[in-house]
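Model the full structure from these sequences, guided by the hints.
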Amino acid sequence: MTDIRSYEGGGEARFGDYVQLLKPRVMSLVVFAALVGLLVAPATLHPVEAFCAILFIALGGGASGALNMWWDADIDAVMRRTQSRPIPSGRVEPGEALAIGLALSGISVVMLGLATNLMAAALLAFTIFFYVVIYSVWLKRITPQNIVIGGAAGAFPPMIGWVAATGSVSIEAFLMFMLIFMWTPPHFWALALFMKSDYGDAKVPMLTETHGRKSTRAHVWWYTVALVPFSVVLAFTTIGGPVYMAAALILNLMFLRGAWAIWRRDETAAEADRYRVEKSVFRFSLYYLFLLFVALLADAGLRVMGG
Amino acid sequence: MALRVEHEMHHRRFGRNLGLGVVLAAFVVLVFALTVVKVTQGARFHADDGKKNTGTVTQPATGGSQP
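Residue numbers (the numbering used here), protein chains in the order written: chain A, 68 to 374; chain B, 178 to 244.
Derived by calculation from the structure, the hints in this document are not laboratory data.
Glycine included, C-beta positions come from ideal geometry on N, C-alpha and C.
One or more hints might be untrue.
Unchecked claim - Computed list of chain A residues with no C-beta within reach of chain B, every gap over 12 Å:
(1) F99
(2) L102
(3) P161
(4) V236
(5) L318
(6) R324
(7) R343
Stated by the list, open to error - So the derived label-pair ranges between C-beta atoms look like this:
(8) B/V205 x A/H113: 17 to 25 Å
(9) A/G83 x B/H184: 16 to 24 Å
(10) B/G219 x A/V145: 51 to 59 Å
(11) A/L316 x B/F222: 41 to 49 Å
(12) A/G157 x B/D226: 53 to 61 Å
(13) A/L353 x B/D226: 46 to 54 Å
(14) B/R221 x A/A365: 29 to 37 Å
(15) B/G219 x A/F196: 29 to 37 Å
(16) A/F118 x B/D226: 23 to 31 Å
(17) B/R190 x A/D340: 46 to 54 Å
(18) B/G219 x A/F193: 22 to 30 Å
(19) A/A189 x B/L195: 32 to 40 Å
(20) A/A189 x B/H184: 44 to 52 Å
Shown next, in the form of structure tokens:
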């Protein structure tokens with residue numbers, strides 16, 4: 068009986084723990100971004116090919132999530148938000164996460180190449196490499212600009228979706244990449260201003276802690292200013308249209324207004340109203356990106372209906 | 178105390194095995210569907226190849242009849 072008792076204690080993983088390794092919430096965002104990139108592209112894939120493309124782009128994203136959890140297990144164990152992840156909680160062994168991450172990386176890249184084209188597969192491989200090696204292993208722990216660099220990895224999915232359909236990178240794919248790339252820093256730093264994080268305990272340099280909150284506020288404003296041209300120029304490309312143009316004008320003005328408000332106020336004012344402005348800008352930034360991509364889809368729909 | 182044949186651990190392992198089985202079955206179905214699509218598209222893409230081949234085969238035959 069003692070032998071059987073020794074198995075008790077919840078040390079063995081459930082299937083869901085392996086799913087958690089793939090960061091399913093991030094995967095759902097990857098699916099949406101890649102789907103938009105694929106649908107607005109001026110080429111059509113067979114529905115089965117399109118399904119495979121989205122699935123394997125998402126799986127590649129999940130694989131990089133597993134590799135990230137493997138590498139960052141020491142940080143995750145320190146921070147409250149991440150302590151319950153499969154590796155720090157002891158449900159999945161680090162070696163298992165590494166093996167799953169590597170295997171799924173290989174499967175997703177090869178299958179995307181077989182389903183669509185080699186260029187898309189190469190881009191997916193580069194994205195995984197970038198997120199895991201360049202961001203997680205190399206730069207995340209040494210520079211407060213880590214959010215900017217990490218944002219690049221998150222910006223690849225619509226570009227890969229586009230390349231899966233067309234076979235090459237074009238200005239439209241590049242601008243969709245830049246849209247997410249430039250959007251990530253102000254979005255995340257707005258969050259960092261009102262979230263009491265424990266990145267300091269985990270020794271991860273965050274702008275709010277290395278350069279202070281005043282500097283972070285300035286960063287939110289200037290990165291939003293830098294984001295606007297990329298977002299607006301997309302309206303004048305082949306995937307832009309009246310819906311996107313209208314959405315871009317309104318949403319960019321609103322984002323600029325919010326970022327300006329963040330920049331112009333100090334900590335005393337922010338603490339007085341419990342970071343109301345920072346919280347609303349953070350929430351708005353989520354809608355900003357989502358609605359711009361929906362607007363791209365709407366214009367693509369209009370083009371299809373218009374013949 | 179009776180020996181429990183079905184321990185909680187067995188349930189957990191069964192869940193994992195079932196999950197993996199479903200994933201593998203779905204993968205097989207997907208690869209099969211993708212293969213069918215690729216082969217069908219390939220067949221459509223090469224639909225004219227037969228006619229062209231007939232042309233090239235018949236040409237030397239007519240040419241050969243000349244002195």
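Next on the checklist: Tell me the hint numbers this structure goes against, listed in increasing order.
Outcome noted: none
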